[in-house]
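Participant: Sequence:
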Amino acid sequence: MVVDYSSPNLAKEMHVGHLRSTIIGDALARVLEKLGHEVIRQNHVGDWGTQFGMLLAHLEDVDGDSDELADLENFYRAAKAQFDSDPEFAERSRGKVVSLQAGDPAIRAQWQKFIEISLSHCQQTYDRLGVTLEMTDVMAESAYNDELPDIIDKLRAADLLTESDGAQCVFLDEFTGKDDKPLPVIVQKSDGGYLYATTDLAAVRLRARDLKIDRALYLTDARQNLHFKQIFAVARKAGFCDETLALEHHPFGNMLGKDGKPFKTREGGVIKLNELLDEAEARALALVSEKSPDLEVAERIEIARVVGIGAVKYADLSKNRTSDYIFDWDQMLSFEGNTSPYLQYAYSRIQSIFRRGGIDAAKLTAVVSLDSPEERALAVNLVRFQEVLEQVAQDGFPHFLCTYLFGLATSFMRFYEACPILNADEPVKASRALLCQRTAQTLQEGLSLLGIGTVERM
RNA sequence: GCGCCCGUAGCUCAACUGGAUAGAGCACCGGAUUUCUAAUCCGGUGGCUGCAGGUUCGAGUCCUGCCGGGCGCGCCA
Numbered sequence: 008m009v010v011d012y013s014s015p016n017l018a019k020e021m022h023v024g025h026l027r028s029t030i031i032g033d034a035l036a037r038v039l040e041k042l043g044h045e046v047i048r049q050n051h052v053g054d055w056g057t058q059f060g061m062l063l064a065h066l067e068d069v070d071g072d073s074d075e076l077a078d079l080e081n082f083y084r085a086a087k088a089q090f091d092s093d094p095e096f097a098e099r100s101r102g103k104v105v106s107l108q109a110g111d112p113a114i115r116a117q118w119q120k121f122i123e124i125s126l127s128h129c130q131q132t133y134d135r136l137g138v139t140l141e142m143t144d145v146m147a148e149s150a151y152n153d154e155l156p157d158i159i160d161k162l163r164a165a166d167l168l169t170e171s172d173g174a175q176c177v178f179l180d181e182f183t184g185k186d187d188k189p190l191p192v193i194v195q196k197s198d199g200g201y202l203y204a205t206t207d208l209a210a211v212r213l214r215a216r217d218l219k220i221d222r223a224l225y226l227t228d229a230r231q232n233l234h235f236k237q238i239f240a241v242a243r244k245a246g247f248c249d250e251t252l253a254l255e256h257h258p259f260g261n262m263l264g265k266d267g268k269p270f271k272t273r274e275g276g277v278i279k280l281n282e283l284l285d286e287a288e289a290r291a292l293a294l295v296s297e298k299s300p301d302l303e304v305a306e307r308i309e310i311a312r313v314v315g316i317g318a319v320k321y322a323d324l325s326k327n328r329t330s331d332y333i334f335d336w337d338q339m340l341s342f343e344g345n346t347s348p349y350l351q352y353a354y355s356r357i358q359s360i361f362r363r364g365g366i367d368a369a370k371l372t373a374v375v376s377l378d379s380p381e382e383r384a385l386a387v388n389l390v391r392f393q394e395v396l397e398q399v400a401q402d403g404f405p406h407f408l409c410t411y412l413f414g415l416a417t418s419f420m421r422f423y424e425a426c427p428i429l430n431a432d433e434p435v436k437a438s439r440a441l442l443c444q445r446t447a448q449t450l451q452e453g454l455s456l457l458g459i460g461t462v463e464r465m
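First residue of the first sequence? That's 8 in the working numbering, and the numbers climb one at a time after it.
It should be emphasised that the hints constitute simulated quantities derived from the structure, not laboratory data.
No experiment lies behind these values; they were computed from the predicted model shown.
From the three backbone atoms N, C-alpha and C, an ideal C-beta is built for every residue, glycine too.
Some hints here could point you the wrong way.
Said to hold, decoys possible - Here are the simulated SDA-like pairs of lysine to any residue, each with C-alpha atoms no more than 25 angstroms apart in a straight line:
#1 Lys279 <-> Lys41
#2 Lys196 <-> Gly102
#3 Lys370 <-> Glu452
#4 Lys236 <-> Ala293
#5 Lys196 <-> Arg212
#6 Lys196 <-> Thr57
#7 Lys219 <-> Glu397
#8 Lys41 <-> Lys236
#9 Lys370 <-> Val462
#10 Lys236 <-> Asp180
As the list claims (entries may be wrong) - Label-pair ranges, simulated between beta-carbon atoms:
#11 Gln448 <-> Ser92: 56 to 62 angstroms
#12 Asp68 <-> His234: 30 to 36 angstroms
#13 Leu371 <-> Lys236: 50 to 56 angstroms
Construct the entire structure; sequences and hints are all you get.
Facilitator: Here's what the structure looks like:
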């Protein structure tokens, strides 16, 4: 199966809006893999659209040299502003896109530079987030370029193509727009350029024909709902894939500011992912220093990193929002309640027990006896793990796993309060130690499937 | 205008796809530490699940109609 996720537009720095697709997609890929599926990660980065025409046209004007992505960010902003206000510039930008798609060597070289800077930035962010995406998972829009003329040909051969106002369109009866007029899927612009619909059709075909997958999960925001409905319908009609390929769009809402409006900081830009992670680590470091001042500085920093990043990821993973939701620093960086630090804390407590008791967790054997309600509740939770993973895989909802792990950690905390372990007599001691071991193992594995780490102490 | 999504405690979210008294966390109030980490645990306050009908033995969940919000609907992605 293919998990299509993250998919940022290049030439802009990654911001908080990219978080959900990246993190949810990564968790799903991990869970599917864990269950034995062959998972192909695909990062369908936007490197081919009009925005690059804008950049290239702007580059022509300013004759600048942008090595830093921060520059590229400003560069993009300036280009965008001119694109919106200057028809001549907009026209020239579209021309650049056509040249780019036609393979003009000089244009390609300039474009390549933008791509490299931007991709390496993305990779840094993935590494920092602990996301399993690699450069080899990048399957950019541009990768489908050579396929696009053939996509048009095949659509024409299937008698699906209609010319409308100079553009090549596919009209399907089930889609209508304003005033009940048929709604087109535009696959080729009047100037000959291709669009993201064309690319997505080529992607479906490649996944069906070459990758021979039987399931594709698309993780994007909900605004692309109609788009994917259309793409999937056209792809089936054109024979790019058959009914045995499950095409699933998993939408989610946008992140909004506290005022409920699209997310902007006072400066007018979105919050960058790196800023969010910096803040998360800083808050976690302050807390770990307060709670465990006796730990070495280096260890505190490492704990803060794992805890801070985990908190951010968990905040997103634990929710199943298909509509927009409000971003809130305090909520996203909370370390109490249903959060990853709570789960990590439960794990570290168990490690602490093993350290204190000189117990080698790997060598534990015991007959588990469940005498108290707390022991029974914990054991019941432990055996549900597999079933939860299957549910996550089936529905594409990582929050099922979060809910489960929180319940598991809660039942462990109660057990911990009620049942002494190291001070218990044998064979109860060994039984409880084994419960601890299984709990720690499940917490670690569960968190790992969410892309979140654990620490030995915190 | 048409279409998609959403509306659950003050706030952020759950509810195994139609099952029992709608659950958690945060916030607020009150407790617990001579014992393995108090980033914890225990108790309490807080609900006409937007409104009105309908289907059903049973509805937060399904159907209809309203109200409120978000998004989408021809050459952006």
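Participant: Evaluate each hint against the coordinates.
Facilitator: A quick look at each hint next to the structure:
For a cut-off of 25 angstroms, the pair hint linking Lys279 to Lys41 is broken: about 31 angstroms separates their Cα positions. For a cut-off of 25 angstroms, the pair hint linking Lys196 to Gly102 stands: about 12 angstroms separates their Cα positions. Between Lys370 and Glu452 the alpha-carbon distance is near 18 angstroms, which keeps this suggested pair within the 25 angstroms criterion. Distance check on the hinted pair: Lys236 and Ala293 sit about 47 angstroms apart at the alpha-carbon level, beyond 25 angstroms; violated.
A threshold of 25 angstroms between alpha carbons decides the hint, and for Lys196 with Arg212 the separation of about 21 angstroms falls inside it, so the pair holds. Taken as a hint, the Lys196 and Thr57 pair is honoured in the structure, with Cα atoms around 12 angstroms apart against an allowance of 25 angstroms. In summary, the hint linking Lys219 to Glu397 is supported, as the alpha carbons are separated by about 22 angstroms, within the 25 angstroms threshold. Only pairs whose Cα atoms come within 25 angstroms are accepted, and Lys41 paired with Lys236 is rejected, the gap being roughly 29 angstroms.
With a CA separation close to 21 angstroms, the supplied pair Lys370 and Val462 stays within the 25 angstroms bound. Annotation: proposed proximity of Lys236 to Asp180 holds, straight-line Cα distance about 13 angstroms (limit 25 angstroms). For the pair Gln448 and Ser92, the supplied restraint of 56 to 62 angstroms holds, since their beta-carbon distance comes to about 59 angstroms. As the Cβ distance of Asp68 to His234 is approximately 32 angstroms, the hint placing it in 30 to 36 angstroms holds.
In this structure the supplied range 50 to 56 angstroms holds for Leu371 paired with Lys236, their Cβ-Cβ distance being about 52 angstroms.
Hints 1, 4 and 8 from the earlier list are contradicted by this structure; the remaining hints agree with it.
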